[in-house]
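Using the hints, position chain B against chain A.
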Amino acid sequence: MRLFAKPFFSSDSHSGGGGALEGFYYDNKVVKAFMIAAVIFGVVGMLVGLTAATQLFWPTANFGIPYTTFGRIRPLHTNAIIFAFVGNAMFAGIYYSMPRLLKTPMFNRLLSWIHFWGWQSIILAAAITLPLGITTSKEYAELEWPIDIAIALIWVVFGINMIGTIIKRRERHMYVAVWFYIATFITVAMLHIVNSFELPISWTKSYSLYAGVQDALVQWWYGHNAVAFFLTTPFLGLMYYYMPKAANRPVFSYKLSIIHFWSLIFLYIWAGPHHLLYSSLPDWAQSLGTVFSIMLIAPSWGGMLNGLLTLRGAWDRVREDPVLKFFVVAVTAYGMATFEGPLLSLKNVNAISHFTDWTIAHVHVGGLGWNGFMIFGMLYWMVPRMWKTKIYSLSLANTHFWVGTLGILFWTLPMYWAGFTQSLMWKEFTKEGFLAYPNFLETVTQLIPLYAMRAFGGLLYLIGTFIMIYNLIKTAGQGSFVADEYDEAPVLVKNVTITGEGWHSVVERKPVMFMLLSLVAVIIGGAVEFIPTWLVESNIPTIASVKPYTPLELEGRDIYIREGCYTCHSQMIRPFRSETERYGEYSKAGEFVYDHPFQWGSKRTGPDLHRVGGKYPDSWHYNHMMDPQTMSPGSIMPTYPWLLSDKYNKNQLPDKINAMRTLGVPYPEGFEDEAIANAEAQAEGIVKSLADAKITAKGDKEIIALIAYLQRMGTDIKKEQTAVK
Amino acid sequence: MFRNALNSIEGVSIFPIFSLVVFFVFFTALGFWVFKADKKYVKHMENLPFDNEK
Numbered sequence: 055m056r057l058f059a060k061p062f063f064s065s066d067s068h069s070g071g072g073g074a075l076e077g078f079y080y081d082n083k084v085v086k087a088f089m090i091a092a093v094i095f096g097v098v099g100m101l102v103g104l105t106a107a108t109q110l111f112w113p114t115a116n117f118g119i120p121y122t123t124f125g126r127i128r129p130l131h132t133n134a135i136i137f138a139f140v141g142n143a144m145f146a147g148i149y150y151s152m153p154r155l156l157k158t159p160m161f162n163r164l165l166s167w168i169h170f171w172g173w174q175s176i177i178l179a180a181a182i183t184l185p186l187g188i189t190t191s192k193e194y195a196e197l198e199w200p201i202d203i204a205i206a207l208i209w210v211v212f213g214i215n216m217i218g219t220i221i222k223r224r225e226r227h228m229y230v231a232v233w234f235y236i237a238t239f240i241t242v243a244m245l246h247i248v249n250s251f252e253l254p255i256s257w258t259k260s261y262s263l264y265a266g267v268q269d270a271l272v273q274w275w276y277g278h279n280a281v282a283f284f285l286t287t288p289f290l291g292l293m294y295y296y297m298p299k300a301a302n303r304p305v306f307s308y309k310l311s312i313i314h315f316w317s318l319i320f321l322y323i324w325a326g327p328h329h330l331l332y333s334s335l336p337d338w339a340q341s342l343g344t345v346f347s348i349m350l351i352a353p354s355w356g357g358m359l360n361g362l363l364t365l366r367g368a369w370d371r372v373r374e375d376p377v378l379k380f381f382v383v384a385v386t387a388y389g390m391a392t393f394e395g396p397l398l399s400l401k402n403v404n405a406i407s408h409f410t411d412w413t414i415a416h417v418h419v420g421g422l423g424w425n426g427f428m429i430f431g432m433l434y435w436m437v438p439r440m441w442k443t444k445i446y447s448l449s450l451a452n453t454h455f456w457v458g459t460l461g462i463l464f465w466t467l468p469m470y471w472a473g474f475t476q477s478l479m480w481k482e483f484t485k486e487g488f489l490a491y492p493n494f495l496e497t498v499t500q501l502i503p504l505y506a507m508r509a510f511g512g513l514l515y516l517i518g519t520f521i522m523i524y525n526l527i528k529t530a531g532q533g534s535f536v537a538d539e540y541d542e543a544p545v546l547v548k549n550v551t552i553t554g555e556g557w558h559s560v561v562e563r564k565p566v567m568f569m570l571l572s573l574v575a576v577i578i579g580g581a582v583e584f585i586p587t588w589l590v591e592s593n594i595p596t597i598a599s600v601k602p603y604t605p606l607e608l609e610g611r612d613i614y615i616r617e618g619c620y621t622c623h624s625q626m627i628r629p630f631r632s633e634t635e636r637y638g639e640y641s642k643a644g645e646f647v648y649d650h651p652f653q654w655g656s657k658r659t660g661p662d663l664h665r666v667g668g669k670y671p672d673s674w675h676y677n678h679m680m681d682p683q684t685m686s687p688g689s690i691m692p693t694y695p696w697l698l699s700d701k702y703n704k705n706q707l708p709d710k711i712n713a714m715r716t717l718g719v720p721y722p723e724g725f726e727d728e729a730i731a732n733a734e735a736q737a738e739g740i741v742k743s744l745a746d747a748k749i750t751a752k753g754d755k756e757i758i759a760l761i762a763y764l765q766r767m768g769t770d771i772k773k774e775q776t777a778v779k
Numbered sequence: 411m412f413r414n415a416l417n418s419i420e421g422v423s424i425f426p427i428f429s430l431v432v433f434f435v436f437f438t439a440l441g442f443w444v445f446k447a448d449k450k451y452v453k454h455m456e457n458l459p460f461d462n463e464k
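As they're listed, the protein sequences go chains A and B.
For any residue, its number in our numbering is found by taking its place in the first sequence, counting from 1, and adding 54.
For any residue, its number in our numbering is found by taking its place in the second sequence, counting from 1, and adding 410.
Simulated from the structure, these hints should not be mistaken for lab results.
Each hint should be verified, as a subset may be incorrect.
To give an idea of the chain B side of the interface with chain A (calculated C-beta under 7 Å), a few residues [to be verified]: (1) 429; (2) 451; (3) 452; (4) 458; (5) 459.
Only part of the chain B face toward chain A is listed, based on derived beta-carbon distances under 10 Å [as the list claims (entries may be wrong)]: (6) 432; (7) 437; (8) 440; (9) 443; (10) 444; (11) 446; (12) 447; (13) 448; (14) 453; (15) 454; (16) 455; (17) 457; (18) 460; (19) 461.
Since the model is a prediction, treat every value here as computed from it, not as a measurement.
Note that CB positions come from ideal geometry on N, CA and C, so glycine has one too.
Okay, chain A solo, but in the shape it has when bound:
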C-alpha cells in the first residue's frame, strides 16, 4: 500500500540492519481465516447475548429447555464474545501486524494453522459443553478440564509461533505493539494455568483445587486479569499499530508508550481483589486491590491520551474516515471504562454498584465500545488492504458507526439506570426502620422496561455488525485477495556491538530477557496476594460447626453449578444493615472452607441465597423450581421442569466423596461406601416432607438433591448460635 511517495521517515543505520536485501512473503491467508472466524463468532456471541437479554424481560424466551436457559447461555455469551470474537480478532490483528513490524513472515505456517484450527475446535467444544451444563462455574473459565488442557496447548503453539517470529526478525528493535503481544502471551498462560488447577472425577466434571475464599481470590485474580491481558493489553498493542497506520502519523509519544507498558503490566495484576470488596476476603487483600486499582488510572489514561493525541493535526480526517471514527470512540470508551473501574474499586462506590447492573454496564462500555469498535475499525482498515481495493461503501461504514454508537448508548444507559435504581431500592429503609422493599422481586420488576431497552440497544449493535459484514463482503468482492504479500528488508547482522545505547533498548532487543522481565512484573502482584492467603490460617478463621456437605447436598450443589444459578444469585451477604435485614447474618470466610468451587456469584438478578437454608419449606422449593411464578408472581426466573423428571447420578457419589477428600474435605475413610445409602436416606426425608404438602415425588430425582442443598445453605453457623444459647 503506497501511502507516501517515500517512507515517512527513512530508517537509518540505527535499525542495525545493514545486510543484503532479502525478499519474503507475508501470509495473509491465516489473517483472513481469523478475521472470518471473528466475524462469524461475533455474530453468534451477540445473538446469544441478545437471547439472554430478552429472557430477562420475557422469560419464556428460553424455549423451556435446559440448553437455552439463562444460567447456561450467559456463560456461552461471555465465552463466545471474549474468546471467539475478541480472541480471533486479536489473532488476526497480531498475525497481520507482527510480521510487518519485525519484517519477517510468521515463524511457521503449519503452527499458524494448528493455532487457527485448534482455537476454533476449542470454541466448538465450548459451544457444545456450556449449553449441556458442563461447567466449572468459574466466570470466563467455565470450560471443563479437557478443554482447559487444549487451551493451554494451543496457547503454547501461538507462543512458539510468536517467539519464533521474534527470533527470526530482520528489525533489531521490537516496536511497543510487540511488547504488548508478548505480555499477553505470557500472562494469559500464567493466569489460565493457575486458575485451572482442578481435580477431575470424570471427563466432564472436576472440582477446583481451591476452596471458598482462596478459590474466590484466585478466580478474580484470573477474571480481572483476563480483562486486562486478553481484552486490554493485546488491544493496546493493536492500537499502537493500527491507530498510527490509520492516522498516517506516528504515535503521539513513543516515550510515553514505554512507561505505559511497564506500569500497566506491573499494576494490573494486583487489582483483582476489587471484585471481592465487602466479601469474606481478608481486609488487607481488599485494600490492596483498591489501592492498585486507583493507581491504574495513570497508565490507562496515559495510553488513552497517547492514542487520541496520535490524531493531533488529523482531527479533520476523523470526519471523513470511518476507521478513525471507530478508533476514536473505541479509545474514548477505553478511557471511560478505565476511569470508572478505579471508581468502582472504592469501597463506598462498590457498596452501591456491586451485584447490580452497573457492573454489567461498565463491562459493556469496554466490550462494545473498546473491543468491538477497535475490531470494526481494524477490519475496515485491513480488508481493503488485503484485497487491494477501496472500501465498497463509505456511507454504509458511516451508517454502521452511527447505528453501533447508538446501540452502545441504548445498551449502557438503561443498565446504569437499572443499577442505581435497584441498589437504592435494596438499601432503602422506612421511617420505622424496616426495609422499604422487603420483597426482592419488587426491585427486579421495576427494571423490566430498562431490560427491554437494553435488548433494543444490543439489537442495534448487531444490525450495525450485519451492515459491516455486507460492506466487507462487497469490498472483498470488488478486489482480489493477496494471499502472499511481498516485502523485502535487509538481513539482520548478528552479534554487532552497538555502543552508546541505553539499557532499555538493550532489554527490548533481547526478547527472552524482555519476556522474563515481564513475567517477573506480573508474578509479584499475584504472589503477594496468594501466598499469605494460602499459608496463613488466621486469614480464614475456622468455624467448628461448619461441616462438609452430605452426599445428597453435594449432588444438589453440582446441579446448582450445572444450571448456572450463580449467574443470577450470589452467596455472599455483605456486612450492611440493608443486607443482614434482608438475608440474615453476613457471610463469614470460615463458612466456605468446603466449597470447591466457591459460588459467591457476581450479580444479583435474584436474591442472595447464602441463608436460604430453612427459610422456606421443601414444598416451596419444589413448586418454585417447577414454575417460579406460582410462588413469586411476576418472577423472571426460568422454569426448571426437567429437575422434577430427571434422575441424579447416584453412582458417581463415591467418586465425588473421594475427590473431595483428596482436596482436603474431612470425610471419614470408608464414607464413600456409605455415600449412596446416605443420600437415599436423606432423600427419603425430603420425599416425606413433600408428601406432607401433598406433593408426590420420587427420591431419585434431581430436584430432591437440589432441595437438600438449598436447605443446607448457610445453616451451619446457626447451629453454633443455638449451641451457644
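Here is chain B on its own, set in the frame of chain A:
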C-alpha cells in the same frame, strides 16, 4: 492485619522491602532512560509501523 498475616511467614520482612526497592529502581531508571532516550532511536521506533510502505 496485613503485617500480622505476613509476619507468620519466616523471613518475609525482606520481601516487601526488596520488591519496593526493585520496582522503585526499575521505574526510576525507566523514567530516567525514557527522558534521556536518544532522539534518533525514538524516531526510528515510532516509524516502525510505516517501514513496509514503499
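Quick rundown of the hints versus the structure:
Because the beta carbon of residue 429 of chain B sits about 6 Å from the nearest beta carbon in chain A, less than 7 Å, this interface hint is met. Hint status for residue 451 of chain B relative to chain A: holds, with the closest Cβ pair at about 6 Å, below 7 Å. For the restraint placing residue 452 of chain B at the interface with chain A, the shortest Cβ-Cβ distance is roughly 5 Å, inside the 7 Å limit, so the hint holds. Nearest Cβ of chain A to the Cβ of residue 458 of chain B: about 4 Å, under the 7 Å cut. The hint holds.
Contact between residue 459 of chain B and chain A, as hinted, is supported at the beta carbon level, the nearest pair being about 5 Å apart and thus within 7 Å. Here the hint on residue 432 of chain B is kept, as its CB sits about 8 Å from the closest CB of chain A, short of 10 Å. Here the hint on residue 437 of chain B is kept, as its CB sits about 7 Å from the closest CB of chain A, short of 10 Å. The beta carbon of residue 440 of chain B comes within 6 Å of a beta carbon in chain A, closer than 10 Å, and the hint placing it at the interface holds.
Hint on residue 443 of chain B holds. Least Cβ distance to chain A is approximately 5 Å, under the 10 Å limit. Evaluation of the residue 444 of chain B hint against chain A yields a held restraint, the C-beta minimum of about 5 Å falling below 10 Å. A hinted interface residue such as residue 446 of chain B counts as satisfied when its beta carbon comes closer than 10 Å to some beta carbon of chain A; here the least separation is about 7 Å, so the hint holds. Restraint check, residue 447 of chain B versus chain A: the minimum CB separation of about 6 Å is within 10 Å; hint holds.
For the restraint placing residue 448 of chain B at the interface with chain A, the shortest Cβ-Cβ distance is roughly 7 Å, inside the 10 Å limit, so the hint holds. Residue-level restraint check for residue 453 of chain B holds (minimum Cβ-Cβ distance to chain A is 6 Å; threshold 10 Å). With its C-beta approaching chain A no nearer than about 5 Å, residue 454 of chain B sits inside the 10 Å limit, and its interface hint holds. This hint holds: residue 455 of chain B has a C-beta 5 Å from the nearest C-beta of chain A, less than the 10 Å allowed.
The closest approach between the C-beta of residue 457 of chain B and any C-beta of chain A is roughly 4 Å, which is under the 10 Å cut-off, so the hint is satisfied. The closest approach between the C-beta of residue 460 of chain B and any C-beta of chain A is roughly 4 Å, which is under the 10 Å cut-off, so the hint is satisfied. For residue 461 of chain B, the interface hint holds, since its Cβ comes within 10 Å of a Cβ in chain A; the closest pair sits about 6 Å apart.
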